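Knowing the structure of chain X, use the given hints to seat chain H on it.
There are 2 protein chains.
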Amino acid sequence: MRCEIITIGDEILIGQIVDTNSAWMAVELNKVGVDVVQITSISDQKGHILKALNEASTRAELVLITGGLGPTKDDVTKVCLCEFLNCKLVFNEEQFAVVERIFKSFGRTVSDINRKQAEVPEASVCLVNSQGTAPGMWFEKNNTVYVSMPGVPYEMKHLMQSQVLPRIHERFAMPVILHRTFCTQGVGESLLASWIEDWENNLPEHIKLAYLPSTGMVRLRLSARGTDENQLNLELKSLGDSLYAQIGKHIYAEGEKTLPEVIQEIMIARKSSLGTAESCTGGAIAAMLTAIPGASAYFQGSTVTYSNTLKMKVLGVSENSLKTFGAVSEAVVREMAEGLRKLYGVDYSISVSGIAGPDGGSEEKPVGTVWIGIGTPQGTFAKQFRFSTDRGRNIQMASLSALNYLRRILLGIED
Amino acid sequence: MRCEIITIGDEILIGQIVDTNSAWMAVELNKVGVDVVQITSISDQKGHILKALNEASTRAELVLITGGLGPTKDDVTKVCLCEFLNCKLVFNEEQFAVVERIFKSFGRTVSDINRKQAEVPEASVCLVNSQGTAPGMWFEKNNTVYVSMPGVPYEMKHLMQSQVLPRIHERFAMPVILHRTFCTQGVGESLLASWIEDWENNLPEHIKLAYLPSTGMVRLRLSARGTDENQLNLELKSLGDSLYAQIGKHIYAEGEKTLPEVIQEIMIARKSSLGTAESCTGGAIAAMLTAIPGASAYFQGSTVTYSNTLKMKVLGVSENSLKTFGAVSEAVVREMAEGLRKLYGVDYSISVSGIAGPDGGSEEKPVGTVWIGIGTPQGTFAKQFRFSTDRGRNIQMASLSALNYLRRILLGIED
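These protein sequences, in sequence, are chains X and H.
Take 1 as the starting number for the first sequence in the numbering used here and just add one per residue.
Take 1 as the starting number for the second sequence in the numbering used here and just add one per residue.
Chain X on its own, in the form it takes in the complex:
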């Protein structure tokens, strides 16, 4: 079943806010087998809204609309819906009770403008919004179902989960659609594609593969569609098994899991502790790890030593290594990893030294050259990487590569 999402509001068209609602809705709709065929962001103008509502019905049986329901003048959606449905606005007691409760909680009384928030087109079903003043609306025209919701993310999410998704299930006959996503790090999209070309060419018609690349990572998503959930699950399992047989060592997780989350799980399961000694990543690895709630259960801390002086003074890197091999070298990241393990008393350490750019490169060590060290109770590992010419990408790729290098050492996965 096909769905179009329409977001109404100039704030998206002028780039003032990024439309995160649509991505969230798309994920929830996909889970239940609804295909989002188009996402359309339009302005608050009546003519534009009416045109979009009509065009959407040529592409979809379900049209979800967010935004344009605030009390101020630039929000004209409800007026448009009345024109679209050829009906008038009617007052909804139940929504008004919510409006009154919300205003009371702020110690205010409801003004005339806000009283209008509780009105909905007569030809719609009012989806009472318990989290805000603007109700949702469910209506049909020419066999297309339309749902209008407020644009405030937590209000929209609450309405979707409590009312809209259950109603979709009642109203439509839904297919079964299952996804399986494999997260890889450190291998480019085209190299991956060349490795699994035969496997990909032999996928059955009802199972699709998508490559989802981002800096330093590629996610591979299989989507299976049918009627028999058990059968689809078996197919995805078998396809997953053969994918693991080919590129398993590059898959660090399935689904939405991130590398910092994977590291956290392994570390906590093993009751191990970790610290980082960072130079060119400048604290980015520590920041990634500590962005995850619960990181304090294993992450002890980090030392960012940008200067050679501090590498020596704080981490005990030898002047000789710095002079002989330079700060970006195997010897130095080994000494950083070992120094950090000793200083912080941690089981594992990550060390990074590289040339992030844009300056500082040489013929021998161009921008993007990064040495990564991993200190462990069994000894220290080190490896050289070559990333890009962009500082931000180099920091991101070095951080992810360091985490993945640690993961592979922890799990005993060879290069």
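Keep in mind the hints are simulated off the structure, nothing from the lab.
Do not take every clue at face value.
Said to hold, decoys possible - Simulated crosslink set (SDA-like; lysine to any residue; CA at most 20 Å straight-line):
hint	chain 1	residue 1	chain 2	residue 2
1	X	K208	H	H48
2	H	K116	X	D10
3	X	K342	H	T389
4	H	K208	X	D10
5	H	K157	X	S214
6	X	K249	X	K342
Said to hold, decoys possible - Taking CB as the label site, the calculated pair distances span:
hint	chain 1	residue 1	chain 2	residue 2	range
7	H	D359	X	I413	31 to 41 Å
8	X	E93	H	E197	35 to 45 Å
9	H	D359	X	K271	16 to 26 Å
10	X	D241	H	P358	34 to 44 Å
11	X	T389	H	E93	19 to 29 Å
12	H	R101	X	K323	26 to 36 Å
13	H	N54	X	E94	43 to 53 Å
14	H	N54	X	E197	26 to 36 Å
15	X	F106	H	N230	41 to 51 Å
16	H	N320	X	K271	28 to 38 Å
17	H	L50	X	F172	20 to 30 Å
18	H	A173	X	L165	41 to 51 Å
19	H	G345	X	L165	54 to 64 Å
The structure displayed is predicted, hence computed values, not measured ones.
Where is the CB? At the ideal position from N, CA and C, for every residue including glycine.
Below, chain H without anything else, positioned relative to chain X:
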């Protein structure tokens, strides 16, 4: 002049990727006087792409397309463009040189799949992409200008800035639009609005004010539209002067400058050095500062001490302070700031200790409570902040607030 943005790719429609490209493009287009009238996200299917290209020409004179240009099978955009333009693909030597260079830097040779990356429709102008393998394409049909670009954000941004925006200026008659953006930190949108209400109400008709809020910051953008550049500049200068008179101490920069860039400028100008001692921000401040090229000229390093043990062992925080006041306290951030200055031998230090959440809060110190210390040659400063209940927001707001606190101390700006 009206523009539609079309993003191609199932990854947006199934919600695995949030479309941040469109917001960025909308901001850049707005700056030069192009109105984005619609943003349309569609799937990788040929029929859908062709329909979207045709429909967009009914709404806009300029259509910017991103995505769908990767080397793998799910990317069909270029084939569609050939059908749309009724022409064949031709090989572009200049783009192929880039493809070869990129592959060579990874020590690889170009496969047949990747050789195709350098092909463009014969009826298009190839916009050579120096940052990636997929070129941009500029073409016209029925007086509508279309531009296709890769969806990888930094490649798209580079193409937009280096080639697409200059070409838009050449091709269309554009109005004169001047912007002046004032960046503030630490004051909410509605409080700012109440302070400058009279000033805002007295803006002339052709000068608009926009509030651009993001986590911990609000930017105020004045946009003046007309024909006489000198006159508009004079008006913006005078309006800026009166804005500074009212809220000047909250403005840390103009334009796109970030707080880390402002700190870097001040530090380098004064030949001062800086280090950070971070707990709840987990290295985020160091990562923000070192993301800026040239940070090594003043930034020496950082210590992330997540555990109390390391706060004592590495930074010399007293056990007594930790026991008496807790890790999130004035005494502890003062000792962290002073300990770091001594340990790293830096002129200035930032220290942060707080409760990022979601757990760890108490009645007295709820989640979002953060103490920030600033060590200086003239003594140590400390201040308590109260942010939100969200971990990510708390880390971001604490980082920005710490940088702004340092800035105000450096410049002698009172609270």
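Hints the structure fails to honour: Result: hints 2, 3, 6 break, sorted rising.
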